[in-house]
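Asker: Note that the protein sequences, when read in sequence, are chains S and P. Quick note: the first sequence uses our numbering, first residue 1, plus one each step. Quick note: the second sequence uses our numbering, first residue 1001, plus one each step.
It should be emphasised that the hints constitute simulated quantities derived from the structure, not laboratory data. One should not assume that every hint holds.
[Unchecked claim] Chain P stretches covered by chain S per the calculated footprint, using a threshold of three residues with CB under 8 Å from any CB of chain S: (1) 1009–1021; (2) 1026–1038; (3) 1041–1054; (4) 1058–1071.
Where is the CB? At the ideal position from N, CA and C, for every residue including glycine.
Each chain, written out:
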Amino acid sequence: MSFIDILRAEFRLEYNDMFRRKSVLLMLILYPYLFTLFTLFIGYAGGSPGVFIEKFGLNPIVYLITSSYILMSILASIDVLLWRPLYDSENGTLIYIISSPVNRLKYYIALPFPRYTELILMGATSILPVYMYYYGLEGVLLSLLMITLITAGCVVMVPFAIFIAGVCHRVGESWRIINIVRPIVMILMGVYYPRFYIPLIGYVIGSLIPSSFIVEIIQRTLLRLESNTYLLLAVAFTLFFLYLPASAWSIKAWEAKKVKEGVKIS
Amino acid sequence: MLRFLRRSYAVFKAYFISDFIRSHGFIYGLISMGLWIIMFTIPVTLFTPGGVSRDEVASRIYVGIMLFYYFSAASWDWAAELRWMIMNGRLEYYITSGAGFAPHYFGILPFTLMWLCIALVFNYALLSIVWAPPAITIVNSYAFAVGFILYTVSLIGYALLLGSSMLSTGSTGYFVEFLSFILPVATGGLFPLKQSPEILKTIALLTPFSYPAELLRYSLLGIEPVVSIEKTILIGGVYGALFLILGVIVFRIQLRKALRNGFPTVSLW
Chain S
1 MSFIDILRAE FRLEYNDMFR RKSVLLMLIL YPYLFTLFTL FIGYAGGSPG VFIEKFGLNP
61 IVYLITSSYI LMSILASIDV LLWRPLYDSE NGTLIYIISS PVNRLKYYIA LPFPRYTELI
121 LMGATSILPV YMYYYGLEGV LLSLLMITLI TAGCVVMVPF AIFIAGVCHR VGESWRIINI
181 VRPIVMILMG VYYPRFYIPL IGYVIGSLIP SSFIVEIIQR TLLRLESNTY LLLAVAFTLF
241 FLYLPASAWS IKAWEAKKVK EGVKIS
Chain P
1001 MLRFLRRSYA VFKAYFISDF IRSHGFIYGL ISMGLWIIMF TIPVTLFTPG GVSRDEVASR
1061 IYVGIMLFYY FSAASWDWAA ELRWMIMNGR LEYYITSGAG FAPHYFGILP FTLMWLCIAL
1121 VFNYALLSIV WAPPAITIVN SYAFAVGFIL YTVSLIGYAL LLGSSMLSTG STGYFVEFLS
1181 FILPVATGGL FPLKQSPEIL KTIALLTPFS YPAELLRYSL LGIEPVVSIE KTILIGGVYG
1241 ALFLILGVIV FRIQLRKALR NGFPTVSLW
């Protein structure tokens, strides 16, 4: 089975599910706004948007909608990798996948592709209107740049997510572990609180996550801070390639464990 | 009565053993929720002016978290419980047993409150590490008691309405998640209404949740509500009671309809 065949199957699965369950589509559009409102109003508990503007010269709504869009995009694309082995296990399809001759790395790399197209839709309904409101036509270009960067951020995250999925699913109650790993990754990536403001140790640990460099580029661009864009991009893609063998090993080891102990239906 | 209590105890025991003893879900859930809360609250530093004391901000965040958690408990522990029952095929057994839902929820209630207390202690510790120890003192115990009771009443009304939608349409997990995020924001649960934009203040005051939330904030932080205390208690009490009655009526109608037409089939989150 070629990569294109896997992609076609995944697109069909994802889009059929989405059109069948309109609530998923609706939530995809609403989530960035929801999280923006949530964080903005928590901000009101500690101060005011005026302080934010004074500190950064940027409207907090622009910053927070971008952060929420980053959060949702990266979560949407890594979640499919983190949760799919569990769903397959529960649906009873895991045994077929394990016994199929499909190259496992190819398979897992193909999984998030349909999500990339969804995150373009999400960008068009979240950051595009907000940027246009605040920046006019320039906002269209800026949002296109952001969508491109975030898509790159999601792509470089794939081997890292496969690696994490393989490691997490080797222990019991893995879905609970995944629920702990996800927010840690998001905090370290500096989705809402730029990682260049967190303590050095956090910055160093966060540097192990490929997308954190892309998120840094986005935030520096928005806050009009100096950034070494090409270097940060280069590091992100280097990490992408470095994690590839680790992710292949991780999935292989997890599958070997499953074959040895048998697939549990939980 | 004894049978009712025995049934409630059986429910409590089952949930307690399942979540506290057999699995470590409770601990994992706490850690996960705490981490998400940290992620969403850290940006508050970007909004805080230089001269504001850290523990004062931490206290405001903490009370916001408290109200948010209670809201979440009503959404997930009470309303969404009906969905899990439909999914697991337990609902039909409850109905044919003739016991009704009351013993089940009476059994869940202490479990919810225990979870809430432990979650609040855990978040207190987390906030103390990340931000500053929240300075929580009960300034007015009468306002606290009234605020807590009125908030509980409003939340039961809300859970009944949401539960009705589970019975009639099998509302998805996405819908519940959306509501449990947006309602605490829109009803002034996260921050003092005094500091909110005019439009949000108006929207929040149109809901029954804002009055007890303001009372709780007043009793714990000393922040005066936008409406006088007496009026807040009066409006909150009447509005909360009416909301609860509405919840009961809608729930009964939907339950009757569901008994006639059958329950929706739900399998996905």
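Asker: Taking each numbered hint in turn, which are not upheld by the structure, reported in ascending numerical order?
Answerer: 1
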